[in-house]
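Turn these sequences into a full structure, and let the hints guide you.
Protein chains: 2
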Amino acid sequence: MDFSSFLTSLATSFAIFVVLMFLFTWLSRIPANSVVYYPNRILKGLDPYENGSRTRNPFAWIREALSSTEEDVVAISGVDTAVYFVFLTTVMGILVLAGLVLLPVLLPVAATGKIAVDKNSTSKGAFTELDRLSMGHVKETSSRLWAFVIATYWVSFVAYFSLWKAYKHVSDLRAAALRSPEVRPEQFTILVRDIPPPRRGQTRKEQVDTYFKEIYPESFYRSMVVTENKKVNDIWVELEGYKKRLARVEAVYAESKNAGKPEGTRPTNKIGFLGLSGKQVDTIEYLNEKINELTPKLEAEQKVTLREKQQASALVFFSSRVTAASAAQSLHARMVETWTVMDAPEACQLIWTNLPKSFYERQIRQCIVYVIVFLTIFFYMIPIGFISAFTTLDNLKKLLPFLKPVINQNVIKTVLEAYLPQIALIVFLGMLPKFLLFLSKAEGIPSKNHAIRATSGKYFYFSVLNVFIGVTVGGTLFSTFKDIEKNPNSIVSLLASSLPANATFFLTYVALQFFVGYGLELSQIVPLIIYHLKRRYLCKTEAELKEAWAPGDLGYETRIPGDMLILTIVLCYSVIAPVIVPFGVIYFGLGWLVLRNQALKVYVPSYESYGRMWPHIHTRILAALILYQVTMFGYFGVKKFRFTPLLIPLPIVSFIFAFICRNRFYRFFQCTALEVACRELKEAPNMELVFRSFLPPCLSADKPNDDHFEDALPNVSQSGSFA
Amino acid sequence: MDFSSFLTSLATSFAIFVVLMFLFTWLSRIPANSVVYYPNRILKGLDPYENGSRTRNPFAWIREALSSTEEDVVAISGVDTAVYFVFLTTVMGILVLAGLVLLPVLLPVAATGKIAVDKNSTSKGAFTELDRLSMGHVKETSSRLWAFVIATYWVSFVAYFSLWKAYKHVSDLRAAALRSPEVRPEQFTILVRDIPPPRRGQTRKEQVDTYFKEIYPESFYRSMVVTENKKVNDIWVELEGYKKRLARVEAVYAESKNAGKPEGTRPTNKIGFLGLSGKQVDTIEYLNEKINELTPKLEAEQKVTLREKQQASALVFFSSRVTAASAAQSLHARMVETWTVMDAPEACQLIWTNLPKSFYERQIRQCIVYVIVFLTIFFYMIPIGFISAFTTLDNLKKLLPFLKPVINQNVIKTVLEAYLPQIALIVFLGMLPKFLLFLSKAEGIPSKNHAIRATSGKYFYFSVLNVFIGVTVGGTLFSTFKDIEKNPNSIVSLLASSLPANATFFLTYVALQFFVGYGLELSQIVPLIIYHLKRRYLCKTEAELKEAWAPGDLGYETRIPGDMLILTIVLCYSVIAPVIVPFGVIYFGLGWLVLRNQALKVYVPSYESYGRMWPHIHTRILAALILYQVTMFGYFGVKKFRFTPLLIPLPIVSFIFAFICRNRFYRFFQCTALEVACRELKEAPNMELVFRSFLPPCLSADKPNDDHFEDALPNVSQSGSFA
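Read top to bottom, the protein sequences are chains A and B. For the first sequence, full-length UniProt numbering gives the first residue as 1, with consecutive numbering after it. For the second sequence, full-length UniProt numbering gives the first residue as 1, with consecutive numbering after it.
The set of hints was computed from the structure by calculation and includes no laboratory data. Careful, some of the hints might be misleading.
It does not matter which identical chain is used: a pair holds within one copy or between any two.
Unchecked claim - Below 30 Å or equal to it, Euclidean Cα-Cα: the simulated DSSO-like pairs (lysine-lysine) are:
1) K682 x K213
2) K357 x K168
3) K297 x K640
4) K165 x K357
5) K168 x K213
6) K244 x K639
7) K297 x K44
8) K303 x K546
9) K303 x K534
10) K279 x K639
11) K290 x K279
12) K139 x K546
See below:
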């Protein structure tokens, strides 16, 4: 890519960014759109605008974002969001501190390096301005390379310093949140799995109750055995579906009273397959009939489930936070694979179907999933190529004949023919996060946020290995692998020699990500369009409307790997082509600004893990740093620098640093420190509420007492189990 | 070593064994010796002989050893001893099961292998009977080698099976012992280290008490802050010394009354340097004076120590076993390096000076000690060679002139000249266990039995690396290292090709160890002679006499590495020269028998760790197995067997097996499972006794109340601290 086309794409991205900013400023003023631009504030009952004024400065959002404090973020969006901002500031800090030395020192050194064309230049042979500012411009074995060695050390130490401070800071955030005097149900609960079979004549509930009462005679409150809920859940989902449809149909009926005849048109539907055939019935009556039929069926099934479908897992409630925190860290049974105990996640985060899976089953599943992920990362082009070859237009015509009239139109035909192979790849990459999330849940992980962290990790490795290394060495890992097999030591020099040639490509990639990416993020164009379409054509009830604009959460499973990929790119190029450092700073700076606005006004977190993702982010930043150090080592070798071995200590120091950080900080993220758990609570906890918050929706009753739990309670504990 | 000299050394060892057996049978009948042969029973108040009869069958001890059960061993000698016997039986089981297949199958295969002389034969070229029975006798690339491959797999799987069963069995032993309804003080106690500096105006005791009272308001009983005891300990040791001397001198005086003049000779001594100069005083008066002088000084120093020399470590007592067990496993403070908590070892096992060492200090000390051990293992011949060169007779004469008359005698001169170099080596090897124990304590380990386990590990590596590998490749590791540096892959083939040549040497070594070694063990000749010498010439009081025959414990720090070395040798030769397997069986079988007798009658355990050494023994057996598998792989390569890669899975399977065992079993050996700790106690624990049992002897008072602790107690907790 030569310099002029680089400037062109840069300018195009900037233009798109300006357009999107303008759209944002204009659209966000329209009151009808405020549910798209300020849903977080609206859901909390605040006004969209802080001062309620209609005449808002178009740049007020910037001022508000910059003046918000971390406590504001924690209050409005939770600790996890605050931790994400710590991540952004840390990375920005690393790049700024690195840039402060790299840019003034390395750019002159490189620019005055030499004049002849170098085939390893940053522009694949075309001599450009950028070349003169990169390391490729320095002669081999030149003593100017000393500056680059010092720069590599400087970047590494800046990274260690920033990461150490950040880890401490996140640990403080976590402690402050966990010390909260609020009563949070999950702090009183532990999750027990791998319960061995009960003795003859003893139900699971009796077994769990006796076991824990013996160990904790004073603070044991109650237990809830996990039950096999498939059947009762199906009934419940069906019932809820009918209730929703009834609400919708009644709204349509009410509307029709206003629109047409005064008594309105009673809606009807056919009850056959997909509503396309069968007897015509009055919908409202039909739905009411169905609801009345299913409600007692649900109650009966609830009783049966609680009594007979108990599984080898349970939630145990304690009346003291300290006991729960201490129990979650202790070994209860001799053999590690029975009576496994851990902190309970939030009630809405439990993946109920994963709870009964046994210890060894989880280990085996994890191994299988790792193998599948490994195969996916390295060999994903094979099935895609296969699908591309298979999905030619002729084959499609044969398989799906009803699409013929669509396909036969000339315009669509040419487009499809040109893009069909790439479509398979695009579809794959779009579905990849969902596929990885499915795999993470299949490992047997008990909570959703843990599965999201696992997905984020898998996606990170996919991105870095395929996008970064794959693009750099010109092809996929699979084809590279064949080269590497012949000589395993060549991977470093292969990487090092092809990195500089792709610098311009990655500069453009980073610019595109922050201009177009954050532009779309702030302007929320796509969600806005979807919302208006839904409002106009699909929503009939208030509830449906609320669902239409309901915002998601920040979506860490794709956001963090995306940020990490940019970081990896910028780090690896920081010494080779230092011009990329300002681009990285702009990416993370602009990201901080835009996402501050989004966190305060748009996104609503769906869970709170109190910063549990920070250790994983930390480890991956160090992985990117080690990749960078190894690459630099290879590149100095390519440059035939005599003192290249001076760089060998760096990856070793990184590993030692990672080890020290893990030993010092990580345990607090795995479990709760007792000095934090023993803080006084605002009020004595209402254990009954704590218990109820963990009931799966399909098992909860509308009645205020829980009579239907009596069948599941052993007679002994009935008197003692109410707080 | 040719066959006839092998038979000669075998016969000599057997002869020594027979003589020692005879000595044992004769000497153990003499009642005056019963304190040497039955001290364990005597200390427990039992009769030396079970039926008290004087006319004992000389082989009664064998019958008693064979008919004793594991429960007997646990009752008389503790769980650790029972675990040691599990080790012996496991290893014996592995060798017997292996031998059942190896001997009938491999010996005929090897014997009918070929006839020509092989330079890799087991006797370094001399064709002997043994050669025909070893793997060296099989032609290269012969298909007979298949039998040896199958034999290698058989030995490995027998080992896995036996180790799995043994681990389970030891885990059961530990659980049964921990469930005991006896009150053991250490089960109510935790050891807290790395306490951060207290707030201004707060003493350490107040700090510790407030901290733990906040977390455990109900079960916290009391705390004992570790103090800097050097000065008070010195005074106490001096005082105790005087008391002992007084008792001894009074006994001498009483004896002299009977022997000479009726009023007796009052003993006198000079009070100068080493009792060789200075004023002559009446000893009894002098000692009484000293004691009266020191006793109030001790009490004053005790007060000062308790009040002012508090250090950053404490013992915390709980009134509930479950709370203590759970607290030992929980994270108390956010940062892992403050308020570190662990199970308290037995009171007598605490290494008090190591308790205040901080977290990072311990890590650094551990690193330094590991480096020193590494250097010792690989480079120990350098200082020894240096010392040998230095300690020539002439140099000795110059340095220690007072030895001249001794050295100048001709006989001694020739002996010394011949053996002086080896003497340095022998002295070094004799001091090595003590040196390694010193290093282990220097790591900062808080309990003595843990330090002993660490020493055992270091000594094991020293033995195997230097004795086994060093002897086999003909020289020390240091010289071998140079060869290996040139080609790192040659170590395996180097080992493999030199192993068979040393088979006869090791056969003799094993035979020597069990004939002479266990013969000396059973007959206790050396302790007997020392006891009688002491009784006759040194002991004057009852207490001194009791000390003279006081037995030690089994001495695991040298015993287990010794056994492991034999196991490594036998395992590595099991397929190469299967004749060694019966020797191994005899070693462990005879060892079991002899040590059963010793455990029941002689040795008294000095600590009880409830089998904590088993995981370390298990890991080292697997290390020996992996060494064996790798060696076999190398040897098959030397034999140019086409299917050698078939052996590659074996070490991998061993690692996976070690990983699975660790995951499943190890946690119970690190901490106490709560279901075990919550068993009912025989009686409510007397917490005051529990507290007192942990007082260091220099701080305990003879007075029945502990008034002198009041200065160290904060006013708040005084009312609540008595059970």
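Hint check results:
no., hint, result
1, K682 x K213, "both (27 Å within a copy, 20 Å between copies)"
2, K357 x K168, "between (36 Å within a copy, 24 Å between copies)"
3, K297 x K640, "neither (78 Å within a copy, 74 Å between copies)"
4, K165 x K357, "between (39 Å within a copy, 26 Å between copies)"
5, K168 x K213, "between (38 Å within a copy, 27 Å between copies)"
6, K244 x K639, "neither (68 Å within a copy, 78 Å between copies)"
7, K297 x K44, "neither (37 Å within a copy, 72 Å between copies)"
8, K303 x K546, "neither (33 Å within a copy, 73 Å between copies)"
9, K303 x K534, "neither (39 Å within a copy, 82 Å between copies)"
10, K279 x K639, "neither (81 Å within a copy, 84 Å between copies)"
11, K290 x K279, "within (15 Å within a copy, 114 Å between copies)"
12, K139 x K546, "neither (64 Å within a copy, 84 Å between copies)"
Hints 3, 6, 7, 8, 9, 10, 12 from the earlier list are contradicted by this structure; the remaining hints agree with it.
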